[in-house]
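These are the residues of each chain, in order.
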Amino acid sequence: AQTIHQWPVAEIKAVGSPLSLGCTIKGKSSPNLYWYWQATGGTLQQLFYSITVGQVESVVQLNLSASRPKDDQFILSTEKLLLSHSGFYLCAWRPAGQANSDYTFGSGTRLLVI
Amino acid sequence: TQTVSQSDAHVTVFEGDSVELRCNYSYGGSIYLSWYIQHHGHGLQFLLKYYSGNPVVQGVNGFEAEFSKSDSSFHLRKASVHWSDSAVYFCAVSLSYSSNTNKVVFGTGTRLQVLP
Numbered sequence: 002a003q004t005i006h007q008w009p010v011a012e013i014k015a016v017g018s019p020l021s022l023g024c025t026i027k028g029k030s031s032p033n034l035y036w037y038w039q040a041t042g043g044t045l046q047q048l049f050y051s052i053t054v055g056q057v058e059s060v061v062q063l064n065l066s067a068s069r070p071k072d073d074q075f076i077l078s079t080e081k082l083l084l085s086h087s088g089f090y091l092c093a094w095r096p097a098g099q100a101n102s103d104y105t106f107g108s109g110t111r112l113l114v115i
Numbered sequence: 104t105q106t107v108s109q110s111d112a113h114v115t116v117f118e119g120d121s122v123e124l125r126c127n128y129s130y131g132g133s134i135y136l137s138w139y140i141q142h143h144g145h146g147l148q149f150l151l152k153y154y155s156g157n158p159v160v161q162g163v164n165g166f167e168a169e170f171s172k173s174d175s176s177f178h179l180r181k182a183s184v185h186w187s188d189s190a191v192y193f194c195a196v197s198l199s200y201s202s203n204t205n206k207v208v209f210g211t212g213t214r215l216q217v218l219p
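Respectively, the protein sequence lines represent chains A and B. Quick note: the first sequence uses the numbering used here, first residue 2, plus one each step. Quick note: the second sequence uses the numbering used here, first residue 104, plus one each step.
Because the hints were derived from the structure by calculation, they are not lab data. Among the hints, a few may not be true.
[Said to hold, decoys possible] A few chain A residues that face chain B, going by a derived Cβ cut-off under 8 Å, partial list only:
id : residue
1  : 44
2  : 45
3  : 47
4  : 91
5  : 103
6  : 104
7  : 106
8  : 107
9  : 108
10 : 109
[As the list claims (entries may be wrong)] DEER-style ranges, computed between Cβ atoms:
id : chain 1 : residue 1 : chain 2 : residue 2 : range
11 : B       : 120       : A       : 16        : 38 to 48 Å
12 : A       : 15        : B       : 156       : 49 to 59 Å
13 : A       : 40        : B       : 129       : 15 to 25 Å
Positions of the beta carbon are idealized from the N, C-alpha and C atoms, including for glycine.
All chains, please: the whole structure from these sequences, using the hints.
Here is the structure:
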């Protein structure tokens with residue numbers, strides 16, 4: 002069975018500090034991977050997606066970057082956090098090459114920037 | 104540009120009541136529609152989806168949704184809700200133009216509160 006794990010579960014960080022959020026998918030080869038951001042009480046906004054190792058596409062510019070160093074790993078990061086980065090970050094995967102497949106989401110990382 | 108509208112931000116019902124959560128979309132091309140549920144502090148879980156065929160689709164836990172092309176809608180329904188159905192429900196629209204469709208638009212969510 003496939004599993005998706007996000008870390009950390011929650012973070013409180015200072016403005017201007019760096020950030021690194023991780024996501025690992027086990028049990029699925031070459032999945033499409035996604036990062037979503039959800040403001041408190043808001044909807045989800047797709048940030049990045051990746052269909053293969055080393056290849057990441059940006060959907061929205063929020064002074065964040067993403068990388069896929071391994072087939073099963075997706076990293077979201079920034080060197081300088083802004084207050085507006087606070088929110089809930091969700092990683093998701095879906096099978097490659099299946100247009101109508103549903104997403105499987107991780108449990109999310111809650112970030113508070115102060 | 105496709106958009107998704109969930110007109111009700113909050114819906115409150117009593118346990119055992121029926122409920123309908125509304126979703127309207129705007130896009131003229133071939134799309135697929137889905138519903139996700141998010142319990143407080145957790146990620147989203149897939150409920151159901153529609154792409155073609157029977158416009159009424161069945162999902163988990165007694166949920167169903169009906170697609171209407173004429174109304175551009177994909178409303179979610181449940182005949183008898185349970186307190187554990189309290190959560191935020193998101194409608195999502197995705198273009199189905201490629202095998203690696205990556206563009207998904209979520210609605211703003213409807214918070215369902217089920218009272219005992």
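Outcome of the hint check:
Here the hint on residue 44 of chain A is kept, as its CB sits about 5 Å from the closest CB of chain B, short of 8 Å. The beta carbon of residue 45 of chain A is positioned within 8 Å of a beta carbon in chain B (closest approach about 4 Å), and the interface hint is therefore held. For residue 47 of chain A, the suggested interface contact is upheld, since its CB lies about 6 Å from the closest CB of chain B, less than 8 Å. With a cut of 8 Å, the hint placing residue 91 of chain A at the interface with chain B holds, because the nearest CB-to-CB distance is about 5 Å.
Checking residue 103 of chain A against chain B by beta carbon gives a least distance of about 4 Å; that is within 8 Å, so the hint holds. Interface hint status for residue 104 of chain A: upheld, as the beta-carbon distance to the closest one in chain B is roughly 7 Å, under 8 Å. Among the interface hints, the one on residue 106 of chain A holds; its C-beta lies about 4 Å from the nearest C-beta in chain B, closer than the 8 Å criterion. Using the Cβ-Cβ criterion of 8 Å, the hint placing residue 107 of chain A at the interface with chain B is satisfied: the shortest such distance is roughly 5 Å.
Given hint, residue 108 of chain A at the interface with chain B, holds; its Cβ is 5 Å from that chain's nearest Cβ, closer than 8 Å. A cut of 8 Å between beta carbons decides the hint on residue 109 of chain A: the least distance to chain B is about 5 Å, and the hint holds. Between residue 120 of chain B and residue 16 of chain A the Cβ separation comes to about 45 Å, which falls inside the hinted range of 38 to 48 Å. A C-beta distance of roughly 52 Å is found between residue 15 of chain A and residue 156 of chain B, which places it inside the suggested range of 49 to 59 Å.
For the pair residue 40 of chain A and residue 129 of chain B, the supplied restraint of 15 to 25 Å holds, since their beta-carbon distance comes to about 23 Å.
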